[in-house]
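Chemist: In the order they appear, the protein sequences are chains Z and C.
Residues in the first sequence are numbered consecutively from 2, following my numbering.
Residues in the second sequence are numbered consecutively from 2, following my numbering.
Every clue listed holds true.
Since the list gives no way to pick out one identical chain from another, each pair is judged satisfied if it fits inside one copy or across any two copies.
30 Å max Cα-Cα, derived DSSO-like pairs, lysine-lysine:
(1) 421 - 261
(2) 64 - 240
(3) 115 - 80
(4) 421 - 310
(5) 80 - 64
(6) 261 - 310
(7) 77 - 64
(8) 77 - 240
(9) 77 - 115
(10) 80 - 240
(11) 421 - 304
In short, the hints are calculated from the structure, not lab data.
As the structure is a prediction and not an experimental result, all values here were calculated from the model.
Protein chains: 2
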Amino acid sequence: MSKSAAAELTPSTPIPAKPSGPIVTSARLGNGLDIVVVPDHRAPVVTHMVWYRNGSADDPVGKSGIAHFLEHLMFKGTKDHPAGEFSELIAGLGGQENAFTSTDFTAYFQRVAKEHLHVCMEYEADRMSNLVLTDEVVAPEREVVLEERRMRTDSDPADLLNEAVQAALFTRHPYGSPVIGWQSDIEGLGRTDALAYYDRFYTPENAILVVAGDVEPPAVIDLAHAVYGRIPGRGEAPKRVRVREPDVRAHRLVTLADPKVEQPSYQTVFLVPSYRTAAPGEAEALEVLAHHLGGGQASRLFKTLVIDKRIAVSAGAYYAGTALDDTRLYAYAMPAPGVSLETLDTEIARLIGEVAAHGIEEADLARAKTRLIADAIYAQDSQVALAQWYGASLATGISLADIAAWPERIEAVNAADVVKAAHRLDPRRSVTGFLLPEAAAAGA
Amino acid sequence: MSKSAAAELTPSTPIPAKPSGPIVTSARLGNGLDIVVVPDHRAPVVTHMVWYRNGSADDPVGKSGIAHFLEHLMFKGTKDHPAGEFSELIAGLGGQENAFTSTDFTAYFQRVAKEHLHVCMEYEADRMSNLVLTDEVVAPEREVVLEERRMRTDSDPADLLNEAVQAALFTRHPYGSPVIGWQSDIEGLGRTDALAYYDRFYTPENAILVVAGDVEPPAVIDLAHAVYGRIPGRGEAPKRVRVREPDVRAHRLVTLADPKVEQPSYQTVFLVPSYRTAAPGEAEALEVLAHHLGGGQASRLFKTLVIDKRIAVSAGAYYAGTALDDTRLYAYAMPAPGVSLETLDTEIARLIGEVAAHGIEEADLARAKTRLIADAIYAQDSQVALAQWYGASLATGISLADIAAWPERIEAVNAADVVKAAHRLDPRRSVTGFLLPEAAAAGA
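Please model the entire structure based on the sequences and the hints provided.
Modeler: What follows is the structure, given as structure tokens:
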């Protein structure tokens, strides 16, 4: 895969855990590698993914961007296979490939005709332990990443604002740093950093192999044993060390005004527990609440702001629950012409306050739950999305049993749970972002 | 000294470098200890200070508060002198003592009749290398610090807001963490952390001895040589490792509304270079600008907001230039009854914009410079303040030559420099804080 196509799964992409679905087989090799096989016999293809349990939130202090940088460097070749060979082979087989870095994980995948699964395994296993990094490769790739940052972030006011909002919400925790890294940190990343990081995290104990497709689990596990089983284990999985987020209790409004902004936009982000950090039932209630508030055009935000009051052209909310540490619940809207962001802010706060004060109708609750579960089932229609659910869930501490029980746990959410969740949306633990055309800059 | 009297020098206390003054003698012992002697013969007393070049910004990641915690623990006794003995001795001699932790340094001082200087040296040298820390001492002291935090910060909305403002301005740099530490970090501090920190930073190479008073420099240096010279050097000074602040470009408004707030208040803080990080002349121009804007009742902010428009009951500005890394320039005001903080914000932004757009009158420039230098001379009247200038300056990378030349450098600031400094006050690199009574909470 060419480096420019290396995709990031941004922290804001919600990955709901998978509801009832195919029978999944799991195994663990002697070297610690976890294997999950998800049969899907609709077409003679297979999706092969390796997930590493390290993302940008595991970047060492002052080395933000190293996880993402290493994702780029993983395409730079090994002792036996020079850079580009793997990608050309996959392309030659008519396959697809990609890689992405998120806050909590890094993943590599290929989708090929099922008879080529062993090729993916051979090459992926090879670069798990035989990556070759020279200064000739590392230095130019750092420039590629810096250029990627300039293109995506530094020239895009919306992305700059998102960075500042995350940095304000997570005052110390590494979720406050962008996945791609801060420019000043990226500039300092070198071969030694990359090698140290690779040695620390690219180990079988830290990896999860997810294979979804037209395959039989025993055969996949045998093949994985033969190929990945050759990699020596390190004895234990690497430790993830992260700073705890202090309990900052003041609302933060981040404003960015720029001549490039044509459409103002509003977001507000609450610090909330994730599926992993929440008390039992709490994350599910936040999921239902977010869906009720802002999941689609039947949601409370959309109906009120866009349809009834016509003060917004779009509005929504979602819960980024698949995270290792405390995470985010977002509400957002784009104002109709002439409407201020302060008006949207007041209205959205009022709608959230309504749920906290008056609860949620039984019919609305039932609709939110049914729709959430249905959405998850529809999403399984894509083999890649199916494999992603398993990978992202397992890489953030969610078990196969948790995934299987997710629909029941959503079903179990009652109106009182949703009210409790709405009370969790504390303005003192939230950040609001205003994106504005230049002239209206606050304090400017 | 009892632990409860251990004072912190908060990051917001500006410490102007010292203008022309007494002839200062400096020396360095073989073990690396720096010595500065500042003669002051007005009274037969002496101020004895030891400054360590480590403050809260050097706290290891996830261990915020350790610098301050160690300041407490330094009163817990050594092999030869049990806890309390030193403090009782100083009190018995009619002396005073204190200690303080700032973002960039930690300092210990005693003020005694001059004939007792050697006593201070003996005890201070003793605890530089012979501190005894047991779990019996460390665990209860941690509770003392947690209680100190509860009393000072957690129960004081103004202090909570200040913490949140600093955390928003310094999104990654450790100036964004409070000197006392985040509660969750303090709770995790133990004897091992304290010992590791003590071993790393409490070394002669990392210390500066400042003696001000009715003394002769050669005699002081001889005495220091005899007492402090016994401490073995470590070969080199400890490294200060700090995360760089990324270039976040979005204005941040931090709002805290609380029933305990009776008087609303406004502050805005700009990220600016310090004396150490600025280009030549830039810090001096920021100093003059801050004084012109908000130094005293003749300043532009005070005259306009308090006297002419009567929209504020107080207003001012200052530059916290004595810092190792990029630092802060503050403007603040308290509104007159019925005036909103938004009104103050608009007005203060307008006044800063005026300087940037139209410059500064020659008479105003001359007045600001004369007054700045005069203030610094008046402050020398206190022997302790005098010693503090030297200690704080030297501990943040300012040399004795820099200190001596400070008045000339301030004199050299011209109107164009001040305009350039005003342009540095970029709203995109600033944070505004609103402290409000409960009902007016933003987004609540």
